[in-house]
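A.B. asks: Protein chains in written order, with full-length UniProt numbering: chain A, 1 to 373; chain B, 1 to 373.
Be aware that a few hints might be false.
Identical copies look the same in the list; a pair holds intra-copy or inter-copy alike.
As the list claims (entries may be wrong) - Heads up, simulated DSS-like pairs for lysine-lysine below, C-alpha to C-alpha not over 30 Å straight-line:
1. 221 with 165
2. 363 with 158
3. 350 with 362
4. 362 with 330
5. 166 with 25
6. 296 with 165
7. 69 with 160
Hints in this document: simulated from the structure, not taken from any laboratory.
2 protein chains.
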Amino acid sequence: MRFLHTADWHIGRRLYGYDLTEAQKTAFAQIEQIALDQHVDGILLAGDLYDRSLPAETAVTTLNEMIQKLNLTDHLPIYAISGNHDSATRLATGAPWYPATQFYMVTQLEAAFKPIELADTQIFSLPYFEPFAAQQYFDDAGLVQLDQCVAAVVAKMKTKFDPTKKHILIAHFFVSGSATTDSETQLTVGGLAAVPAATLRDFDYVALGHLHGKDALHEPKMRYSGSPVKFSLSEAQQQKGVFIVDTEPFQLTFIPLKPLHDVHKLTASFDELMTPAFYEALPLTDYFGLTLTDVKPIPDVMARLKTVYKNILSLDRANGYTLPETLQQKTLEHKAPLTLLSDFYEEIAKEDLTEKQLQWAKKALAEANKAVE
Amino acid sequence: MRFLHTADWHIGRRLYGYDLTEAQKTAFAQIEQIALDQHVDGILLAGDLYDRSLPAETAVTTLNEMIQKLNLTDHLPIYAISGNHDSATRLATGAPWYPATQFYMVTQLEAAFKPIELADTQIFSLPYFEPFAAQQYFDDAGLVQLDQCVAAVVAKMKTKFDPTKKHILIAHFFVSGSATTDSETQLTVGGLAAVPAATLRDFDYVALGHLHGKDALHEPKMRYSGSPVKFSLSEAQQQKGVFIVDTEPFQLTFIPLKPLHDVHKLTASFDELMTPAFYEALPLTDYFGLTLTDVKPIPDVMARLKTVYKNILSLDRANGYTLPETLQQKTLEHKAPLTLLSDFYEEIAKEDLTEKQLQWAKKALAEANKAVE
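Sequences are here, hints too, so could you generate the full structure?
C.D. replies: Here it is in structure tokens:
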């Protein structure tokens, strides 16, 4: 059979304050087209459908429309689980009605042990869960760490294995050895909440969600699809897309998605960044994280950069920020009061003190010194 | 055909801070049993399923379980609309899948013109809507008041009337002439947002939601079912229940629900309320709104009343609140300063000033008077 593996849609998410709805709709349209072109037998959707447990109404409408398009218009089966960003309770609304059209929305641990039976494949859906849920389900207070819980879950799943079929697992957690970025919520404390890949190797494919990069894990039959859209500057270098999974013979193909607006990191001096020969070659409607190599203050720097780069996600300095020689502490300490005053005036007013102003200053200084004596 | 008409479940609502979940589940169980006993052909559910547009997860679970019970377990058709307390967007999640099991959740104005076609009955579902939605739908900026909008909606519905069938309308608004309580959100500004009953008289039955009392409107073929549970002291006198509607021949039967804990208003003196002969006849686990006929202060009054009445919703005075003679303004004005002080000390410390304290006070008063001179 052939499946499309995607995850971490995070509908409702913003990118440093920028609305991503259109970017997410653009990515979705490509995912839909890939699914149709590739004649897949279903979509594996590995959690974090929403960005928040309490999604805004616009996010609800957006996700509802996407799911309805895939399942009711395109008649594509969907095998979905809830992730750590989703409210399992809210996602479960309507779930008992969905299987009539081969849409499976699994949000509860106990449902993980009832595989969805296809002609030659069993799909096991393991939604995101806390160890407490496993303790309750197995009535075992010893299940404290996630790896222990997943080991128990997988052991029980194996008792349901039909040896004549392939076995696919959909899951949402951190598999040890994976590379993270800063845009996933850290579920680990001291690395204890990671699941060893070995626990999962008896499946013919493990469709993972949680990490946003497709290269986070390189196991032969175990992948994160990654998110369809870049959610952070730390994802700037990632190529977004979906996996097409063939089960017989096993084959994994990554198909990239074209972003509506890409995310770039640039490191250069202010003058370079503002040089037409430099920026005219760039896709200026994209998102930019800018790092200046300058160390001096640049007045109105953000406003001036925005005349060229409309969507700036962040602005940093590569080499720190240095005050001009005249304003540095070590210089200031050795200056006479009147020199300090005239330097300061010049810095602010961009002109020298007049002779009259200098006389006033001298007089005021003399009086101040007298008062101290 | 035979229908059960209910509305205004307001799942998630609290009664003066008290959790009503169990009360609502108890009422629901009775509604379910009535529907089964009466062999109804469906449930008309006229809006305000939730109390808030953003219901808590516990409310989501509660409503989901109720709907699943009726529709998936009991195989009862449900004809539901969203009310002004519901988020039409959130309630719409899953809606395209529901009709497969004869559960119709209508949340958008445009769906009101596609009646649900039963063997001998057309059901028109008109969710709560703002005049702006009607302006957009009819492309008519002149539709400013709700009565104009509903007149336009009903006129269009009539073009869909199958003359061989009965016509039922499910709607959620204020029909003029209805009696309100203080527990419904007022949708009217100066009474303009009321719909005249005459606008709706071409239907064979109008199943209304919004007002919480079954007696709010007395039209032969038009009723508010009222809420299944009392949501306010102003509903203390109402009898809660559901209507059974027979369409051929037309017949309307009210079936009351037994509350888990009823709501009572009591007006009596504190001493009466605390007399066993008085309270032992009362269902003391119920909710009480208490009005005291006393006018004097009663120390620790709430704590003492709660030793008998566990669930007090409010505590008022029927005849106002009078200070004891010694502390009234007109008495105080005629007292000498030292008398005032000793009275005050006695009131607070519950003992007289000592001779030594009195000497100190006299001395302090003399000095204060001297300072004024």
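A.B. asks: Indicate, hint by hint, whether the structure satisfies it.
C.D. replies: We went through each hint and held it up to the structure:
Taking the shortest Cα distances, residue 221 and residue 165 sit within 30 Å of each other inside one copy (16 Å), while across copies they are farther apart (60 Å). Taking the closest pair of Cα atoms, residue 363 and residue 158 never come within 30 Å of each other, the shortest separation being 92 Å inside a single copy and 93 Å across copies. In this homomeric assembly, residue 350 and residue 362 come within 30 Å of each other (Cα to Cα) only inside a single copy, at 21 Å, whereas the closest approach across copies is 73 Å. With identical chains, the CA atoms of residue 362 and residue 330 are at most 30 Å apart within one copy only, with a shortest distance of 24 Å there and 70 Å across copies.
Taking CA atoms no more than 30 Å apart as the test, residue 166 paired with residue 25 passes in neither setting, with 33 Å inside one copy and 44 Å between copies. Taking the closest pair of Cα atoms, residue 296 and residue 165 never come within 30 Å of each other, the shortest separation being 66 Å inside a single copy and 82 Å across copies. Proximity of residue 69 and residue 160 under a CA criterion of 30 Å is satisfied inter-copy only: 29 Å between copies versus 32 Å inside one chain copy.
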